[in-house]
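Protein chains in written order, with numbering that gives the first Met the number 0: chain A, 0 to 323; chain B, 0 to 385.
To be clear, the hints were calculated from the coordinates, so they are not data collected in a lab. Note that this is a predicted model, so its numbers are computed, not measured. Don't take each hint at face value.
[Unchecked claim] Output of the computed footprint for chain B on chain A, the stretches with three or more beta carbons under 8 Å from beta carbons of chain B:
(1) 49-57
(2) 84-92
(3) 105-114
(4) 136-146
(5) 235-243
(6) 278-286
Built from N, CA and C at the ideal position, the CB exists for glycine as well.
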Amino acid sequence: MTEMTLLGAVTDALRTEMRNDDRVVVFGEDVGKKGGVFGATDGIQSEFGETRCFDTPLSECGIIGTAVGMAVYGIRPIAEIQFMDFIYPAFDQIVSEAAKMRYRSGGEYTCPMVIRTPYGGGIRGGHYHSQSSEAYFCHTPGLKVVIPSTAADTKGLLISSIRDEDPVMFLEPKRIYRTHKGEVPDGEHVVPLGKGRVAREGTDCTIVAWGAMVGICEKAADEAAKQGKSIEIIDPRSLVPLDEELILESVKKTGRCLVVYEAPKSCSFGSEIAAIVAEKAIEYLEGPVARVGGFDTPFPYSLEHLYMPDVRRVLKGIEKTFTW
Amino acid sequence: MATQRKPRRQKAAPKKAAKKGATKKKAAAASADDSQLLTVVAPDGTADAADVDLSDERKLYLYETMVRAREFDRRMLMLQRQGRIGFYGPILGQEAATIGSVAAFEARDWVFPALREGAAAMMRGLPLEIAIAQLIGNDLDRCKGRQMPCHYTFKEGNYYGMSSVIGTQISHAAGAAMAAKIRGDDVVIGGYMGDGATSANDFHAGMNFAAVAKAPCVFICQNNQWAISVPSSQQSNSETIAIKADAYGMPWRRVDGNDVLAVYQATKEAVEFARAGNGPMFLELVTYRRLGHSSSDDPTRYRDEAEVKDWEKRDPVERFRRYLEGEGLWNEDKEAELQDAIAREVNDAIKAAEKGGPTPPEDLITDVYDEPTMQLREQLRDALED
Ligand SMILES: Cc1ncc(C[n+]2csc(CCOP(=O)(O)OP(=O)(O)O)c2C)c(N)n1
Ligand SMILES: [Mg+2]
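Bound conformation, chain B alone (with noise of 0.2 Å):
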């Protein structure tokens, strides 16, 4: 399963990457070809320094927020078990692909994101305790309990608020690209999606208008290997997702999902790529969803442990920490403080979001529509009339 570190660095925004052999099936054909994932930190945490075009500043960022999330999402799996919130989706393994992608956005462009993206939404500025009072559903929540948990809103922060409906975001992004094309604003939009989603109807009509409109859209595929307990090599008879993007006349690359720098910086290039009119590009990230779907399942039914073990291996905040240690810019003793500065801010955020009340039986009819139909108050007047 070696990641081999080769073609260490592609071009920015190759019309094709390099093409390889057979695909093996498997369960997970995570490792079928590697050795063509856009690499820049080996899992011993060594990485060229030419590969490298980050500040120190930025990096410790990147591992913070990772930390952060790992953090959250242990925490609120907790919260789930003790019944203090009803579901939840982790992205433990997947914190590089997530982090690194956004954060090579810039503030005023457009995240659309899919499952395994609610980080950003918080990167963006969305305050923890209310993302927990989004999970709770309480009157804190800024979706005002409408939806199940892990479905943040956060239009300052330009986070698009997700429906459960797999794929159909994509064609938001496409359209949103479409509409800053239109208005001729310095804006890329990025489309995220898990690998499930490539299978559905809204990726092809979501490509393809992108790909025609030349819209500036980053398209980015978590392939986390997993649609609930359908194997990605049962998703899709393609070699690999990335090449899929061939037939809309889009650029593609596949990175190393678990190699934060690698996925920060194919992301920081493609995000050029749009925003300078060349259209839009695709990026297959190539990671593990290394806990079950959500808090409801349960993988064990599904898939061989082994394979979990295998990519606990390649996990990607301990490659970076050891990245980051190799580089001198960081240690125990930072890392012991990042922790508990980390727990604490978790745990301040809960207690807070835990103050929240119900929400108020108005919010039931409110945001229909932009005011209430004589119908719906009716209906609300009979449903709380003794």
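Chain A with its partners taken away, still in its complex shape (with noise of 0.2 Å):
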């Protein structure tokens, strides 16, 4: 074990994995030499060379299309898009490309690859350095979805991400980049894909949250706690595949559930997880399914503290399942 930041856990499982697997190459705008603008790649390039590190030109369409083409060909990419919001040129190589090639082929064709890209808000970014837009690829059949909330989880999914056999969107929390830390094993470490985890336990209501909005939730859930409520926190880790099995399983325990999320509240990942339960655990709920989410608007700048939840509304939102 190694203490860690998430970020340095991102590294961690990249150098992990490239030794392990010398098909696995890395690229995207500033990887190489600076090692990324946030320092994820950092020190990929001088152990692993430029043949198996190295900068693209500054072409989101071309870094995501070419990664298909390598996956396509045989070998394993793991291309990063500086920051998510950026990622809209390579939303057709992504959503009809990458997505439908092992269905299109009837699987004689496959794309094993990892796009790793920083999301979210909290960091005074503004419009196109915050966004939360999970939501486009959880809808795009063919596609995985990951985002971790801790330094171990991201070393361990990211490694499961690379060797699964299907493209997988790795989205890296930025906010708690440098300010999450904690033990992560060393070496060998997998975290499987489709797997929630229990953050908290707790038996008065579910909240489910991921990427930065857990450590939000934490710390709401110890607020509840003052007031004599137990909050049961779940992290589903993988928004696709989703383990609604744990997520139905705690609801049925503790009969209320909170979603929180910081995209737009609207048609978002938590949208979806408010229906399953309204659709598969309906005669166990004491009170209605709650989701304190992003506005629907673009991003802001100057009130991004009103736009992200926080631990007031989160606690608010916990107050709606129990009193409405």
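Work from the hints to combine the two standalone chains into their complex.
Below, the structure written as structure tokens:
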């Protein structure tokens, strides 16, 4: 075990898997000498050389388009998109190509690749350095969508994503890149995709949250405990495939459910979780399923503090599942 | 429109082909600068022996393959009219461009096709009946009935299964070539596209990435003058498509796409250039789409039939037959025999393909992922349950 930041765990996972599998290559904008704008690929090029870790021209469409070609050819590309906000030029390549490769070719061609990208708000990044657009990708059959919230999970999930036979969107909560620290197993460490975790046990209300929201919800749960409410927090870790069972089990136990996420409130992945709970656990519910999300606005700059779910809003959300 | 034959043979991988004067804008700027096209066989079927570097056996293979592609197209269009397949995209008039170029790659090289390279799948070994099963979408189809017609896939033959999204395969070809180089494989990638695709963002991305990475890729544009109803003159204000390669620091050639030997030789040289580690090369094969864009298109609504007639005179199959006859390699008897054999081959393939059954319901949810998710299984169970 070594204590490291969530960001350090990304680098550790890349290094571990690149040592383990010589088909793995890492590329994107500024990932080489500089080691990425956040430092996620720090030291990777110097260890593995310019053939396995290289800078690309500034074109997200090209980064993902060529990654698809590499995956189809038989190597294991890990493409970095510098900020998730800049992924849209590659949207077509992700949605029409990577996601559909296996299906459209009857399983003949596959597209095992990882798209790593920092996402989410809380860093005063304005519209274009803050978005949490996981829903677009969760809505696309053929993609897996993974979001860690701890350093150990970051390593274990990233290694699983690299080994996965399908394209994986690996979304890194950049707000907690450096603020979160945790013990991470050395060397081989695998956390399977599709298995959520109970981040905190409780009996009165289930909160489902991912990424940087897990930490916010933990603080809110501390506050709620002072008011005598025992909160259980479920971190699905991968949104696709989703560990429905874990969520439903928890909701059946607590009888209440709140979903917390940073994305615009409507048509979000949180909406999907609310729908699943309504569809499959209605008879266990003692109150409405509540959602606390971002606003249905472009991501703001000055009013970011109002936009982002915080402890106060999470507590209000918990309250809604009790009193309505 | 006469195809002058100068320069007769450009040198391998020239940095620049000769530049020409102003291009006259017309519906299809086809013959704007034909004099600059690489040509080996003149429209009358004659060629300078010094220009031809190919065995007789190989020439006959090219001819037979062109005839087969033409007959296949003719029959598939008939099946479409009879409602036995839903859609078809023919290549009438482009046989030399498709077949001549694909034949110049080695079997270990990969083909990333666009719309007009379906014949390449069959050249790489996809049985005709399986190709027809793809057009029908039955359980013999390798894509399991998941794509509309003309989207073949054939991995054993290194023939890539494309999507319908124009241009996306260009950066896939670039990426595959980058991967081949990373792995140190002796493999060249053929990345195909139409003229319309050269306006797509993936054209820029793919060309640029491949050139920067010096990846072993030959980009091949079949300029058939039309992108559905939009003529190539409205696709770009560039003098030619080929010169776009200059901006990427990539050598290029413009080739008479109706001259199978010119296409073959230009592609062969480009493949050798890429294989030798010089990076990618770009070929513009100037040809013409004589039928509608697909079985769903009526080209009389937007183009002058005189233009089509003009290109009929430059038919690639007839031109090559005249050449073979002149060389003493072909005659009427052989032609009749070949036509007969191919007609039978296609007939048998149609019969075999139509024996396929419906795609099983499970195929709806398999291959989305390596394993169907619990959600997918539940959705299928719900739908099938009474
Ligand atoms: C991105 C995209 N836009 C539009 C279409 C519809 N479409 C299909 S083929 C085509 C024209 C393609 O022209 P070209 O690239 O010249 O190829 P050709 O059909 O002439 O071989 C269009 C517009 C598409 N398939 N993909
Ligand atoms: Mg065209």
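Against the structure, the hints:
{"no.": "1", "hint": "49-57", "result": "holds (count 4)"}
{"no.": "2", "hint": "84-92", "result": "holds (count 3)"}
{"no.": "3", "hint": "105-114", "result": "holds (count 5)"}
{"no.": "4", "hint": "136-146", "result": "holds (count 3)"}
{"no.": "5", "hint": "235-243", "result": "holds (count 4)"}
{"no.": "6", "hint": "278-286", "result": "violated (count 0)"}
Hint check: a violation occurs at hint 6 only; the rest are consistent with the structure.
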